[in-house]
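Engineer: Sequence:
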Amino acid sequence: MAAALGGGSGAVFALVALLTPADKVGSVTGVVGAAGGLGGFIPPLVMGALYGTYGSYAFGLAALAAVAAAALVFTATAARHSLRAHRDSGHRLTPRGA
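Okay, so the sequence shown: first residue is 0 according to numbering that gives the first Met the number 0, each after it adds one.
Worth flagging that the hints you see were computed from the coordinates, not collected in a lab. Hints are supplied without guarantee of correctness; some may be wrong.
Here are the simulated distance ranges between beta carbons [as the list claims (entries may be wrong)]:
| id | residue 1 | residue 2 | range |
| --- | --- | --- | --- |
| 1 | Ala69 | Ala48 | 18 to 24 Å |
| 2 | Val45 | His85 | 33 to 39 Å |
| 3 | Ala21 | Phe58 | 41 to 47 Å |
| 4 | Val11 | Ala62 | 20 to 26 Å |
| 5 | Val45 | Asp22 | 14 to 20 Å |
| 6 | Ser81 | Tyr56 | 32 to 38 Å |
| 7 | Pro42 | Thr19 | 25 to 31 Å |
| 8 | His80 | Ala2 | 26 to 32 Å |
| 9 | His80 | Gly39 | 26 to 32 Å |
| 10 | Leu44 | Arg86 | 38 to 44 Å |
| 11 | Gly36 | Asp87 | 30 to 36 Å |
| 12 | Phe58 | His80 | 19 to 25 Å |
| 13 | Phe40 | Phe73 | 18 to 24 Å |
| 14 | Ala13 | Met46 | 26 to 32 Å |
On a predicted model such as this, the values are computed, not experimentally measured, just so you know. Think of the CB as a built atom: it goes at the ideal place given N, C-alpha and C, for glycine as much as any other residue.
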């Protein structure tokens, strides 16, 4: 599982480098990193609050599944559209400076 998470993290930052203008890569990377940090901080708090309220992990797991499904839909639509638009604009899908 850790290898899959690490591979996914690398892919996210590679995508930032591919799609972001060169002068904005640092800022966008910071926003992506902050979102990842919040993703590691907020869900345990929400899970604990839901468990404390309902006495079951079912609601928290359902919330995590809903967020994962929303992320999948976003990736399958918006991110794919962005990649396609970038490719159709005549730019090569290679990292800046490569």
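Engineer: All the hints need checking, so say for each whether the structure fits it.
Structural biologist: Verification of the supplied hints:
Range check, Ala69 to Ala48: about 20 Å between beta-carbon atoms, so the 18 to 24 Å window is met. Checked against the hint of 33 to 39 Å, the C-beta distance between Val45 and His85 comes to roughly 34 Å, which is consistent with it. At about 44 Å, the CB distance of Ala21 to Phe58 agrees with the hint of 41 to 47 Å. Range check, Val11 to Ala62: about 22 Å between beta-carbon atoms, so the 20 to 26 Å window is met.
In this structure, Val45 and Asp22 break the distance hint of 14 to 20 Å, their C-beta atoms being roughly 36 Å apart. Range check, Ser81 to Tyr56: Cβ separation about 35 Å, and the 32 to 38 Å hint holds. At about 26 Å, the beta-carbon gap between Pro42 and Thr19 stays in the expected band of 25 to 31 Å. At about 29 Å, the beta-carbon gap between His80 and Ala2 stays in the expected band of 26 to 32 Å.
A C-beta distance of roughly 28 Å is found between His80 and Gly39, which places it inside the suggested range of 26 to 32 Å. Range check, Leu44 to Arg86: about 40 Å between beta-carbon atoms, so the 38 to 44 Å window is met. At roughly 34 Å, the beta-carbon separation of Gly36 and Asp87 lies within the given 30 to 36 Å, and the hint holds. In this structure, Phe58 and His80 break the distance hint of 19 to 25 Å, their C-beta atoms being roughly 33 Å apart.
Between Phe40 and Phe73 the Cβ separation comes to about 21 Å, which falls inside the hinted range of 18 to 24 Å. For Ala13 and Met46, the hinted distance range of 26 to 32 Å is satisfied, since their beta carbons lie about 30 Å from each other.
Hints 5, 12, counting from the list given before, are not met by this structure.
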